[in-house]
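Starting from the structure of chain A, add chain B where the hints point.
Top to bottom, those sequences are chains A and B. According to our numbering, the first sequence is numbered sequentially starting from 1. According to our numbering, the second sequence is numbered sequentially starting from 410.
Any given hint could be a false lead.
To be verified - If you only want the chain B side, here are some residues facing chain A, beta carbon under 7 Å, derived:
(1) Ala442
(2) Leu444
(3) Met450
(4) Arg453
(5) Leu454
(6) Arg516
(7) Ala518
The set of hints was computed from the structure by calculation and includes no laboratory data. Just so you know, these numbers come straight off a predicted model, no measurement behind them. Beta carbons are placed, not taken as given, at the ideal position from N, Cα and C, and that holds for glycine.
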Amino acid sequence: MFDKRHHPSVWLRSIICAGVLLSAPQPAEASDWQLHGFLSQGFTISDGNNVNGDSSDGGGSFDFREAAVNLSWRPSPRILLAGQVASVRRGKVNTDDVALDYLLADYQAYQGNLGRVGFRAGKLKLPFAFFNESRDAVHSRPGILMPQSIYLDNDGARAFGYFSGWGAAVYGDRYYGRHNLAFELLGLSEFAVEDEAEISILRRPASGRFKHERGLLLRILDDIDGGRWRLALSISDSLLSYSAGNAPPFDQSGDFVLQQAFASVQHNREHLSLTAEIVRRRIKLGDLISHPAVSSHTDQDSFGFYLQALYRLPSQSAIFLRYDERLREMQDRNGHRQAAASGLPRHYFFGRDVTLGGNMDLTKHLGLWLELHLVDGVLWVNPLDNPDYGNGQAERHWSLVTAMLSYRF
Amino acid sequence: MLTVLAVLFISTAASGSEAIVNVSLQRDSVSLALLRGVFGMRVRLWPDGEPVRVFVLRDDAPEHAEFCKGVLRMYPYQLRQAWDRLVYSGTGQPPIEVSSLEEMRRRVAETRGAIGYLPSSPDIGQNEQIKVLHVR
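One chain only, chain B, in its complex shape:
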């Protein structure tokens, strides 16, 4: 019983997702509307002028679904449809797909203007090149 409770507690604690950005970005928070525009690939530069570079996991990655539903309050298929519209009309580019959370952390840390996401964890801030972007 205790094991079950412990597993439940850990899985609850491990759920949740945060938007992360490269420290080059001046801001610490963003409106949900602008964040949806960023992940919808309609926003090419941050209001402070940095170029936006978006990193995502595969559509079927659980962490991707968690971020879409928990933070953007959207579904992965909606983002995919929005990206397809851009690609096949020539009006935008889809985000850069990474293969692991480790690669997500590394690419966001080394790219100016980069944004991605990670599961909520106190460890996120340990990398000095990334910071959490809060949703207002």
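Isolated chain A (complex conformation):
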């Protein structure tokens, strides 16, 4: 029987595979092939709520591991083929399964003195805000735990397809004096999301299944003076579908829209980097609920931002201070209205995190990261690692210390 659900992705994947096989195998230098990867082990100990495993039971948790290997090949100067597989374990949120992270063909169609244009297709990393496409490796993201406001780090973002998706993109650069203006426009096709996706979207386990139907993502980035100032605007619009199970409140099958807009700014000096990013997300879930009384879980207009100051010390080390705030409802900053509507404590509707962190390169390949988080609110506490979350028992004021050792090559 013809299965409509997998149709475009299967086509796309076939085209990519054919492209890989048909690329003329010209004589290549050894440098045309590159193999890179990393293996990171985290440790988390917390007070109040669990993060990345049973971190609050006294002994801490080692249930946070990340590993990835990627291979890239330039069969000709204009073409790049690349793929990465990753395995991530984060408490009960991500299992150790090895999954395809990206697999793509990239063709640089034009390169002139004033800019370039190219195309890529396959399973692509999603380039929004400053760090989403490079968030897998701890050394290319802002800390062990990313700012939860923008990157939905602790609540199933990977399962939700927030990291990468099947599609095609056009990208380009244009040089204007001191500016390097870059854009990427991605069209995303159908792809299934994993079982844990409901945590990102619904903030609770649900019996239904989600699927990404289609999406569009645009990022415009301005690097001024070689990146002394960096400015980015990203917008995305995704249509998702939900096949309802029979457990309330999300008992109706249907489609819903997730719209996101991000603004990012960074200032880089020799020792100091200042970064700020904000996001606004709109999600309409009302069609998934048959019971009219459950109003607090329908349409959301959420907001988040963070500010981070990083200072580089001698001998390849750095310290940073960050304030991160995520609100489930932009117009209800302290959660009073949502608490009254849902019966949950108001601290379930915000998360404010003050982070002090640092890192040091022990060798060229080995690095150590350490962070202290002081958190007010439990908006991004994961229900899978915290069985009492759903009944309102999560502690409002809590803290965690996390460390990570990472080897890269």
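Just chain B now, with coordinates in the frame of chain A:
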């Protein structure tokens, strides 16, 4: 005193850095924006069609910092972040790392489309296979 002055003079004279390219490249000069694109690994072929091959020293080599700051007007960590973004998104490859200035000179000389850098010196042009690429 004279020794101190002499050392100061020599160290001043030895500072500065130049982009060098394989002689196969048609051009003798480049805009700073394009050069940043080349070392940022966003440019895969020169506008005349030659494939770009970038050679660098280790991030913590003084000559690397000198080139980044003096010529690109950037910091080594900014290039490293840009390369990491490419590697972990599958949209590019980092440059080829060489272990010495001698290896830099040799690899750029023997590779078509190659670009690297060397400390400023009248000796750069003695190798007929490499030439200085001036920044406009």
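- Violations among the numbered hints: Hint check: 2, 3, 6, 7 fail, others pass.
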